[in-house]
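Chemist: Next come the chains, spelled out residue by residue.
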Amino acid sequence: MIFVTVGTQLPFDRLIKSVDSWAERYPGIEFIIQSGEGGFKPLHCKEKGFITPVEWGSLFSSADLVVAHAGMGTIIKCIDAGKPLIVMPRKSNLNEHRNDHQLATVGQLKGIANIVIVDNEEELNMALDTPPVTVSKGCGDNNENLTLLLNEIKSFVSGVSNNV
Amino acid sequence: MKFEKNVKVLLVASHGGHWVQMRKIARAFDGMNVHYISTTKSIDVEVSPAPVSTVKDANLTDKFGLILMAFEIFWVLLKFRPDVVLSTGAAPGFFALFFGKIFGAKTIWVDSIANAEVLSVSGVKVKRYADLWLTQWPHLEKPNGPFFKGSIL
Numbered sequence: 001m002i003f004v005t006v007g008t009q010l011p012f013d014r015l016i017k018s019v020d021s022w023a024e025r026y027p028g029i030e031f032i033i034q035s036g037e038g039g040f041k042p043l044h045c046k047e048k049g050f051i052t053p054v055e056w057g058s059l060f061s062s063a064d065l066v067v068a069h070a071g072m073g074t075i076i077k078c079i080d081a082g083k084p085l086i087v088m089p090r091k092s093n094l095n096e097h098r099n100d101h102q103l104a105t106v107g108q109l110k111g112i113a114n115i116v117i118v119d120n121e122e123e124l125n126m127a128l129d130t131p132p133v134t135v136s137k138g139c140g141d142n143n144e145n146l147t148l149l150l151n152e153i154k155s156f157v158s159g160v161s162n163n164v
Numbered sequence: 165m166k167f168e169k170n171v172k173v174l175l176v177a178s179h180g181g182h183w184v185q186m187r188k189i190a191r192a193f194d195g196m197n198v199h200y201i202s203t204t205k206s207i208d209v210e211v212s213p214a215p216v217s218t219v220k221d222a223n224l225t226d227k228f229g230l231i232l233m234a235f236e237i238f239w240v241l242l243k244f245r246p247d248v249v250l251s252t253g254a255a256p257g258f259f260a261l262f263f264g265k266i267f268g269a270k271t272i273w274v275d276s277i278a279n280a281e282v283l284s285v286s287g288v289k290v291k292r293y294a295d296l297w298l299t300q301w302p303h304l305e306k307p308n309g310p311f312f313k314g315s316i317l
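Just so you know, the sequences run in chain order X and A.
So the first sequence is numbered by my numbering: it starts at 1 and just counts up by one.
So the second sequence is numbered by my numbering: it starts at 165 and just counts up by one.
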């Protein structure tokens, strides 16, 4: 199953239309789309508007491949699980978001083996034709940067608990 | 000194990426008395048995929603009286730190890793109310803050 997720804030028709037209050519492949509110209705994929976080989690777990907007929630979960992910950032000039921070986000993701970044339908088609691979668990919860951050916060808080 | 389990910690994040990042950071508060604020009901199963208060989700385009959210957050702080308030964003975190300072809590802002080019709007506005004011990108660090002290990835 391929799980397509675009968050809950804004529709992302460009991504959903592109996926839907690819899905039309491969009727044997199951697609489930979490599409948020409003927007384009896919014809060849199963669509769910808003789903609970628990439902999201179970669809995510059973997915062989995830296709998403460049939301950090989905990206972090894919990195943690080593799950293959195709990311298409939203663009503000196409009214897909308030600003272009998703372009900046993906600019920092290059070189992660299970993530492919696509800019448009053509690149998305190529990525779906040859999707990224699953990797054994990514950096997850044991990386230097996270340890550094947790230690900084712990020492800040221990200063607090000594004074209250 | 207070025992750890008596330190009251309020962790605040709106639904989605902010929440996922905040959950990773929550490990720093293991063993303490933690209360969460988010914007989606049904997320509580993830952190159960820790309590979760749900507040209205809103951003700058919805002034009325923001006022309602601010009131809801004020109410949670009034009842819980945290020693520490931490947020990864967005608007609910701003209000939680703002009221947190009024109530005398120590406040921590960790700007979302999604903001790789400029700090978030809430992240900029919260500066005055954050005792520890962090970005997750080294190139966004400045001499007077925000500071870079690691990141979730």
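Wrong hints could be hidden among the right ones.
[Unchecked claim] Estimated spans, in silico, between C-beta atoms of each pair:
1. X:S136 <-> A:L242: 21 to 27 Å
2. A:F167 <-> X:V54: 30 to 36 Å
3. X:N120 <-> A:G268: 47 to 53 Å
4. X:N120 <-> A:V282: 20 to 26 Å
5. X:G57 <-> A:P213: 16 to 22 Å
6. X:N95 <-> A:A214: 36 to 42 Å
None of these hints come from the bench; they were simulated from the model.
Everything numeric in this text was worked out from a predicted model, so none of it was measured.
Here a beta-carbon is modelled for each residue, glycine too, at the ideal position from N, C-alpha and C.
Chemist: Does the structure break any of the earlier hints, and which numbers would those be?
Modeler: Those not satisfied come down to hint 1.
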